[in-house]
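Chemist: In the order they appear, the protein sequences are chains A and B.
In our numbering, each residue carries its 1-based index in the first sequence increased by 96.
In our numbering, each residue carries its 1-based index in the second sequence increased by 733.
Hints should not be assumed to be uniformly reliable.
[As the list claims (entries may be wrong)] Below, a list of computed lysine to any residue pairs in the SDA-like style, where the Cα atoms sit at most 25 Å apart: (1) A:252 with B:841; (2) A:289 with B:954; (3) A:358 with A:243; (4) A:242 with B:863; (5) A:243 with B:841.
The hints are simulated quantities; they were obtained by calculation from the structure and are not laboratory data.
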Amino acid sequence: MKLIFTGILAGLLAATAAKAEDMVFTSWGGTTQEAQTKSWAEPFAAASGIKVLQDGPTDYGKLKAMVDSGSVNWDVVDVEMDFAIKAAKDGLLEPIDFKAVPKADLDPRFTTDHAVGSFYYSFVLAWNKGAISGEPAGWADMFDEKKFPGKRTFYKWSAPGVIEIALLADGVPADKLYPLDLERAFKKLDTIKSDIVWWGGGAESQQLIASGEAAFGQLWNGRVFALEKDGADVGVSWSQNLTAADVLVVPKGAKNKETAMKFLAAASSAAGQAKFAEASGYAPINTKAKAEMPADAVKSLPDAHVDGQINLDMNYWAENRDAIAERWYAWQAK
Amino acid sequence: MPAGFGGLLPALILVTLFFVVPVLALLLRSVTGPEPGFQNYATLLGDGTYARVFFNTFLVASVVTIVTVLVAFPVAWMLAIMPSALASIVFGVIILSMWTNLLTRTYAWMVLLQRTGVINRTLMDIGLISTPLPLINNLTGVTIGMVYIMLPFMILPLVGTLRAIDPMTLRAAALCGASPFDAFCRILLPLSLPGIAAGGLMVFVMSLGYFVTPALLGGTSNMMLAEMIAQMIQSLLNWGLGSAAAFILLVVTMALYALQLRLVGAGRATGGV
């Protein structure tokens, strides 16, 4: 019995030793992580011989638990940018080693001391052409119950986006959004609250629009892109599209920090970004990436709709994340 | 030391290690995070929003328990008096539903219940209704989805109790001139109470902590405590507040259990016959 145990233990130790060079990449699952695997992890593994294990979905609670307990199993994690700024302040992240990760071509909007951009996206207004009469022209139409009766869908969680949309619809000029007037935003949202269906994840938003359960809504542009690719009859308005970003971070105490930095270099390279953007419809954070993409793929990126585009203020959100969240969930539960 | 205590030691160590220690850690975190004191409890008990979420949680759990009892009783009664070969097939079907993935079953209900779903489409096609019924994103959706999941946990203890009832008691009641309604109210129901209490408690307690089904089939105004705790832990990283909420839920649940023990008796409350 004892012998068997020792044998198993030795075997396990050998297995972990062999895995020392491997690393773990964690993201949100679904079509996004598939594209990240194909565009970043597979070419990286082929070039370096380092195996990239996939885990997910990203869970901020888990990330904190790992860092707090000193047993960090994730090496690179895809997170929302406002979270990354807050997490860096809370000491949950490793600083990026910019000697290993070339910084020159990275979009400075999405690069910080503790994070490298993963991709950036826009919230757009999308609708099911069969479930709606006429075409919504902008965010104000999502609040116009006379012109567009029926259910509409918004992002469920407290995050950059919905508050800004409500304020824009209420006539706040784009350059006067911040600091956010929460009172005014909730008052505007109250006018349509009973007709809001919330979506909690990308797949749910697609299902709601594709089935016509909600005639129109605020979606991530990549999810609309995927619906169009699948042949769904959807329309999209890029008017006042709102950009936000996902970034890649290395949790404090990650076991394979150096490997992680190499992976970040590959993921943020022009080639890696071009490949991912083409597969997902999300925009590259490497300024040289578009040159490596087919012209028609560039057309469906948020980059092609910079006219009237609004950058959601990640620093403002990082600063006020908890206070807004408290109000947000209290309002939702009412 | 009572005889046989030594044999219980491994079980006691296991329970202490995996149940008592984590609960104590939870309690500790609720009064230390982010700083020492009872401010987490003050926040939870003093804020209208959290009070509403607590109320929702108990409302949903109560409604689900009552509806589950009402649906489960006839099924259990049928199973108890059925020929045993047939009963085991029906049992198999009920158990089989428990083995199917929870998420899959909940998504299936979404497809059935939504405004453009099968039920509303059919009702509209045959002209019974002209606008879709609101079956999802509200209390109705949560109740339907959760009752469906909880049914086996009610049916199984109830069948055991019902089978143990001597059928002659019912016949005797009829002979003495009791109507079927009287026989049900004064013989069958009182005798089956232990089963109802055991199943009901299990369903109620499980419902209190349910997460997936309310999140997918309910609306934000029916948010239950488990979902709120998940938000505190995962998204806000406010572990002190989340721990306090979890601990309050635990205390209330234990109080209810104690109350039931006093009302029904220990053996009966756990389904022992």
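Chemist: Give a verdict on every hint.
Modeler: Checked hints:
Between the alpha carbons of residue 252 of chain A and residue 841 of chain B the distance comes to roughly 21 Å, so the proposed pair stays at or under 25 Å and holds. Restraint check for residue 289 of chain A and residue 954 of chain B: the C-alpha separation of about 11 Å stays at or below 25 Å, so the hint holds. Distance restraint check for residue 358 of chain A and residue 243 of chain A: the Cα-Cα separation of roughly 52 Å exceeds the 25 Å cut-off, and the hinted pair is therefore not satisfied. Distance hint between residue 242 of chain A and residue 863 of chain B is fulfilled; the C-alpha atoms sit about 20 Å from each other, no more than 25 Å.
For the suggested pair residue 243 of chain A and residue 841 of chain B, the alpha carbons sit about 33 Å apart, so the restraint of at most 25 Å is broken.
Hint check: violations occur at hints 3 and 5; the rest are consistent with the structure.
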